[in-house]
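6 protein chains.
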Amino acid sequence: MEITYTNNFKEYKTPENLDPFTIAQQQLRHACELLEYDEQIYNALSEPERLIILKFTMRMDNGSLKTFKAFRCQFNSARGPTKGGIRWHPDENSSLIKALAALMTWKCACVDLPLEGAKGGVICNPKEMSNNELERLARLYIRKLSQFIGPRIDIPAPDVYTTPQITAWMMDEYEVIKGIKAPSVITGKPLELGGSVGRISATARGGTFCIREAIKETDISLKGAKIAIQGFGNAGSHVAEILQDEFGCKIIAASDTKGGIYNKNGFNVHKAIEHKKKPQQLWV
Amino acid sequence: MEITYTNNFKEYKTPENLDPFTIAQQQLRHACELLEYDEQIYNALSEPERLIILKFTMRMDNGSLKTFKAFRCQFNSARGPTKGGIRWHPDENSSLIKALAALMTWKCACVDLPLEGAKGGVICNPKEMSNNELERLARLYIRKLSQFIGPRIDIPAPDVYTTPQITAWMMDEYEVIKGIKAPSVITGKPLELGGSVGRISATARGGTFCIREAIKETDISLKGAKIAIQGFGNAGSHVAEILQDEFGCKIIAASDTKGGIYNKNGFNVHKAIEHKKKPQQLWV
Amino acid sequence: MEITYTNNFKEYKTPENLDPFTIAQQQLRHACELLEYDEQIYNALSEPERLIILKFTMRMDNGSLKTFKAFRCQFNSARGPTKGGIRWHPDENSSLIKALAALMTWKCACVDLPLEGAKGGVICNPKEMSNNELERLARLYIRKLSQFIGPRIDIPAPDVYTTPQITAWMMDEYEVIKGIKAPSVITGKPLELGGSVGRISATARGGTFCIREAIKETDISLKGAKIAIQGFGNAGSHVAEILQDEFGCKIIAASDTKGGIYNKNGFNVHKAIEHKKKPQQLWV
Amino acid sequence: MEITYTNNFKEYKTPENLDPFTIAQQQLRHACELLEYDEQIYNALSEPERLIILKFTMRMDNGSLKTFKAFRCQFNSARGPTKGGIRWHPDENSSLIKALAALMTWKCACVDLPLEGAKGGVICNPKEMSNNELERLARLYIRKLSQFIGPRIDIPAPDVYTTPQITAWMMDEYEVIKGIKAPSVITGKPLELGGSVGRISATARGGTFCIREAIKETDISLKGAKIAIQGFGNAGSHVAEILQDEFGCKIIAASDTKGGIYNKNGFNVHKAIEHKKKPQQLWV
Amino acid sequence: MEITYTNNFKEYKTPENLDPFTIAQQQLRHACELLEYDEQIYNALSEPERLIILKFTMRMDNGSLKTFKAFRCQFNSARGPTKGGIRWHPDENSSLIKALAALMTWKCACVDLPLEGAKGGVICNPKEMSNNELERLARLYIRKLSQFIGPRIDIPAPDVYTTPQITAWMMDEYEVIKGIKAPSVITGKPLELGGSVGRISATARGGTFCIREAIKETDISLKGAKIAIQGFGNAGSHVAEILQDEFGCKIIAASDTKGGIYNKNGFNVHKAIEHKKKPQQLWV
Amino acid sequence: MEITYTNNFKEYKTPENLDPFTIAQQQLRHACELLEYDEQIYNALSEPERLIILKFTMRMDNGSLKTFKAFRCQFNSARGPTKGGIRWHPDENSSLIKALAALMTWKCACVDLPLEGAKGGVICNPKEMSNNELERLARLYIRKLSQFIGPRIDIPAPDVYTTPQITAWMMDEYEVIKGIKAPSVITGKPLELGGSVGRISATARGGTFCIREAIKETDISLKGAKIAIQGFGNAGSHVAEILQDEFGCKIIAASDTKGGIYNKNGFNVHKAIEHKKKPQQLWV
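Residue numbers (the numbering used here), protein chains in the order written: chain E, 503 to 786; chain R, 503 to 786; chain V, 503 to 786; chain U, 503 to 786; chain C, 503 to 786; chain A, 503 to 786.
These are calculated hints, taken from the structure and not from any lab test.
Errors might be hidden in some of the hints.
Intra- or inter-copy, both count: the list cannot distinguish identical chains.
Claimed, not checked - Straight line, CA to CA, 25 Å or less: simulated SDA-like cross-link-like pairs of lysine to any residue:
hint : residue 1 : residue 2
1    : Lys773    : Leu724
2    : Lys571    : Phe711
3    : Lys728    : Gln649
4    : Lys725    : Phe749
5    : Lys680    : Ser632
6    : Lys766    : Asn633
7    : Lys718    : Glu637
8    : Lys646    : Ser597
9    : Lys557    : Ala611
10   : Lys609    : Lys725
11   : Lys728    : Gln542
12   : Lys780    : Glu694
13   : Lys779    : Leu530
14   : Lys571    : Ala533
15   : Lys778    : Gly762
16   : Lys752    : Val662
17   : Lys557    : Glu541
18   : Lys680    : Thr559
19   : Lys725    : Arg638
20   : Lys752    : Cys712
21   : Lys571    : Glu637
22   : Lys766    : Gly726
23   : Lys725    : Glu677
24   : Lys725    : Gly735
25   : Lys557    : Glu538
26   : Lys646    : Tyr544
Assemble the whole structure, with the sequences as input and the hints as a guide.
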């Protein structure tokens, strides 16, 4: 069962050793060349409209003071408010944030959403922080950005290591500062506070739409197709669930960073997920 | 006539080849060591509280689009609104802006002003821009920053290549956006629009206060002292004027980037300034 | 094929030589008499709630200063935000603006929309202005009115000589001033920026609804009816299109200010429109 | 004792039968000619920047509805917030309001105040209104204008038939709407609510300064000079008081609309004022 | 025809002689015990988040000054804006207001609305006040609360003795203060100003849903069931209408504070309502 | 050395067992009787304009949740913003808060300050709370009140158990919420953050002015007068200092809750204060 994939576009090679934003800019330049846009247009589109770099100092549970560096990049604003996640990671950096904000911009434009792209982040290690420290960090980040975000300005979302609980704290801090209820200031909230049903599996669902469309270019039928899942995290396990439950695929293999399982006759995805869930995990 | 200068402090050497902000951080570290502040305090003070990096695209007089990169760094905000100039220069960069904002912070703190330091800039070459283009650039910069400046937030000022006329445009743009008259949003305005008398010679006057205090450590009298001025621009020429008119010094030499004059019996500073002023110049 | 038109209402004659607003007031007085409203009610309804007359001076492309007079009339506000177009015309005047705002008010009330009427205008000749000048004028008008308009106050729209492009500039200026995205501040935007599909032909479509309802009072069938269009501009040509395509009429004649065509067997409206479109035109 | 008055300026005749604003514009044109300003400058200065014409309907004590027309003209705003009185008079009209706002503008500019000129008014007859009706009218006027006035926008003041009590109601209404205490929104308040000491006699005092300066051009001494006062209202009677008490003049005659008094040896101004005050009067 | 009612819950007795809020707190304590919530949770939930007690003085029609005490209790705000009626009654008191706000909170939570509970009131006797006095009181109440209510903060509604007309005055006052149209600031508006169709009978309709669900626990059929209505006011008469018209019940008896009617074969509810409506009444 | 004290006013006895606000109201009634004000005026003045009762739940250092009840009473607002301290005490209650706000109102009015009275409080025991808990409480209180206070609305101050450090936290929280620097939102700040020099001894200094004026009614001279101080806390010890240093009195006795000292020849107050200061104390 072999899939032949034909790429009609000019081949584009990402050079090695480039930082993420330089890569994104090269992709844009490539697109501009294909569209025969001149240099002025490339220049107008290739840098973020607003990159805010923050510093704030927080008292930790042990009484010490820790200073954090944080970011919010609003890449463009022509077509609507910006939108994008907040990443909490020790290796966060402005190049990555700018690159991801640019990609959000282009993704929104491709599907004609009245939104533009943003991305934010804090250099920190959430795995080493207490729940109280996480709450204080979430609130501090919003306190420093409250004038720059909002339902009609820039709408954050959870991303790497920022859970629905963290968005709830962020929403609450924004609402206290503004003196109003404003659930639309952030997405990815817990369902009880106005979060969207289906958000958790949305990335996976989008992926299965791609699979569904791509398969039409082949003579394969999804019904009964044998599927191996490489990466059985949040996205991968939901993809497996949807493919099994809604498209009638047979999941025969799955692997993650710790190992993998294989059964040539297929296995029940729900049981695999249940098995994997036992140790508590942060949102990734 | 020899001045012996005694430095009681530990010697501090600025390493070669460092960018301006790294140098400023090293000065801070040196100060923290002298004050026996621990690493936590140094970390809390050594990065800007807010650095905003902007991009905007402007139509030039010839119809082309030009994209500009701009900055505003608000280094700290504990003691009051931030304050600092806006620089327009082709070599503007975030390291220099951050360094100058840090220095503003420390200068304000040393003299116990209820203000903190800021600095802003646009990468551009004002010498190659028409008056209309300068106005559009001034207004665009404020449009992009109008939420982040203000009399109780951050108060800009003119700096390299930003004239009183440019501050007038900036003030007007801020007032249109806010719908109120707000002359306190920016300093260095033309006198007719609420500017401060004495601002043009303020840097020079401050310098002569330093001279007046420093000379007390010596046995020299300013009255009749012979003075050579190296750098006869805005600051230097006003220093010369004040030293001659108010302190009774004798100015015997002056030089600038184009050459110099010398008269061992002294010369009249006002005539030298008048001579130099003939070709129209941007504010430097 | 003769249509007998029976008017059950008392005949109302518009006196000659009256200015538009006096005519509108006489229509209101007539209506008040029919409804037996007393003088107090007439007085409360017969003058605009707010008429703003503005002056602003703009630098033209040739460096000269030109001063413009502009208007915004918000006729009433009891039932919701006001709504109405912005006219750019050399003969614009406050009587016409007030009359049109009054008519908007009464039209909205008749169909029970939660909106009231407004109208605005600038005395200018857009045909003699460059694209840059049109943009500057659009932005200046909004800068002067930004406190008086808004999605919950007064929502402008394009009107005589104000194109979708002009509304886009107006929206952008409003958004910059308010610091938020606010596409609902103006209607008639380009589709790419949130404009409404169908707006361009909306006036014509409304006209055809009137024809459809009026014809029911007769024994004529629209299907196959022969139609002559007097005035083949934006409204007239769309009316022709809809009557031909959706109601099955036969368009046999059309005329505009330059001439007319006639074919007793009918002609294809789309081809007539295509033929007429060749020279580029401002929105009328 | 004859005063010879020499006018060095070109004679300027005000044409008969002109409305007040046309007269004011002719004065401006005359000034522009003297200053050799070109037509562009005259055009930029000769029309009000913002004229707001309002209508509102109020329930009178007898239960009837009465509709009022009102004005606020903000003539210019280049040099600071606008400033000017609110007139309540049956013959109020936009030409007069515009003319008086223009004069306020030019008066402020002549003495280099950081203020511009405004003027407002309501067409009404305060003499026929109850105290409750006056209060409701004062509050309604501010409710309709609350977005367009303010300490940093436009600062009203009492004028014809608007007493300190009326300004107190206006201030209170503004403060309720804004949710803050804002005594600087209006001048001419009662002293107990932050009014300025000396305001009531300020017009008169200004007049005596003119007399004092003008008299220097003659060989007359004010000390002991015999003075006749034509118009013994608020301004005239205070002028008489100041001339008598502070400049040592002898007041020998005074007249108002009802009659006059004459005593060639002079009379005591305070007693004349006391006599006149007996019947209660509105502020004029 | 006997209904046996079985209560599976532990019996809960309301102690005699307790004020309303103490009773509500005891109900909460009972619920917390059933849910095994600890004391900390009970404490966090048992007091209102914000209780505002106001005093204002109003001039009555007869010229006297009357001072009113008023309340607004916003019980909780975790799940959305608060929502609740405004009561005008001579016996209004803070205990009742707090209790009703608590009940609103718990009702909203039970049906998972994104709203929280509030309640307000004024100690007054609307039956003894003129229409003008009612309007002034309505407007004064909003003037004192305008910063604390709003579509995204707290949304009032009519309640005891506050009619749709009173909500219209309140909405208008809020809109004047905020300078925008904001019909969503209050519910229970007249239909012409954006009120909700069906609101008047909503309480009754909710009651019939309870009857419909409760009856399922029995072997009775609503179709043809004989119904006696005790309390034939706004709620009771609409219940009777719905039961008769939509559920096919037979209304055989109805009583109110003045008396009752009985017909063992049933009577037409609409005629009974028509009969009762003849004397004009305030909203109860 | 005997002081005869003559009271010309009617004797006023405070009844036993009354709560503080009832006592204050009786004092007002007494004053109204003396001034022959009628009941309407008493009613308008005898209740607070706004009393806000808050509840909020805070996580303590040990992880438990604690719910606090808090108050802010703004007694009147006719003459300016309200002003008054924030008390943190386990026995805080609304009667005391209202009484103290009323007294602030009357004190401000007596000396014709453009301010009115307020008072706030939290029921808590600061002596049992950690520094972190005190900071969280200070910030929470402001978060709940941020819409109700401000330089032009209501300006808090420190009071029982609220130190300058606590006002610094409150100011910072207010500034974060408003996004501006606003040191005028609270008085009693640390000197480094804009506090007023002399504030700590201001109560005492006011007391000595009373002594200085009262003594004039007698034939005693302060110079050399022997003084006994009952209550040697913040106020008493500063009174002693001022009487000794500025008025030349001889302090011969002082006592506080722990005991007293006596020396018939007088003692040095500064040494007594130094002695007492040794154990660290909260502000009282």
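Hints, verified against the model:
1. Lys773 <-> Leu724: Close inside one copy (22 Å), not across copies (48 Å); limit 25 Å.
2. Lys571 <-> Phe711: neither (37 Å within a copy, 39 Å between copies)
3. Lys728 <-> Gln649: neither (51 Å within a copy, 55 Å between copies)
4. Lys725 <-> Phe749: within (6 Å within a copy, 47 Å between copies)
5. Lys680 <-> Ser632: Neither: 27 Å inside a copy, 29 Å across copies.
6. Lys766 <-> Asn633: Neither way: Lys766 and Asn633 sit 43 Å apart in one copy and 63 Å across, limit 25 Å.
7. Lys718 <-> Glu637: For Lys718 and Glu637, neither the intra-copy (47 Å) nor the inter-copy (48 Å) Cα distance is at most 25 Å.
8. Lys646 <-> Ser597: Answer is both: 21 Å inside a copy and 22 Å across each meet the 25 Å cutoff.
9. Lys557 <-> Ala611: between (32 Å within a copy, 19 Å between copies)
10. Lys609 <-> Lys725: Cα proximity of Lys609 and Lys725: none, with 29 Å in one copy and 47 Å across.
11. Lys728 <-> Gln542: This pair counts as neither: shortest intra-copy Cα distance 49 Å, inter-copy 54 Å.
12. Lys780 <-> Glu694: within (24 Å within a copy, 48 Å between copies)
13. Lys779 <-> Leu530: Neither. Shortest intra-copy (40 Å) and inter-copy (36 Å) distances fail the 25 Å Cα cut-off.
14. Lys571 <-> Ala533: The answer is between: 22 Å across copies meets 25 Å, while 33 Å in one copy does not.
15. Lys778 <-> Gly762: Only inside one copy: Lys778 and Gly762 sit 11 Å apart there, 69 Å across copies, limit 25 Å.
16. Lys752 <-> Val662: Result: close neither inside a copy nor across copies, 30 Å intra and 63 Å inter.
17. Lys557 <-> Glu541: Close across copies (16 Å), not inside one copy (35 Å); limit 25 Å.
18. Lys680 <-> Thr559: both (23 Å within a copy, 20 Å between copies)
19. Lys725 <-> Arg638: Answer is neither: 49 Å inside a copy and 58 Å across each miss the 25 Å cutoff.
20. Lys752 <-> Cys712: within (18 Å within a copy, 48 Å between copies)
21. Lys571 <-> Glu637: Classified as both; 16 Å inside a copy, 24 Å across copies.
22. Lys766 <-> Gly726: Classified as within: same-chain Cα gap 13 Å, cross-chain 64 Å, threshold 25 Å.
23. Lys725 <-> Glu677: neither (48 Å within a copy, 50 Å between copies)
24. Lys725 <-> Gly735: Result: close within a single copy only, 24 Å intra versus 56 Å inter.
25. Lys557 <-> Glu538: between (41 Å within a copy, 23 Å between copies)
26. Lys646 <-> Tyr544: between (32 Å within a copy, 20 Å between copies)
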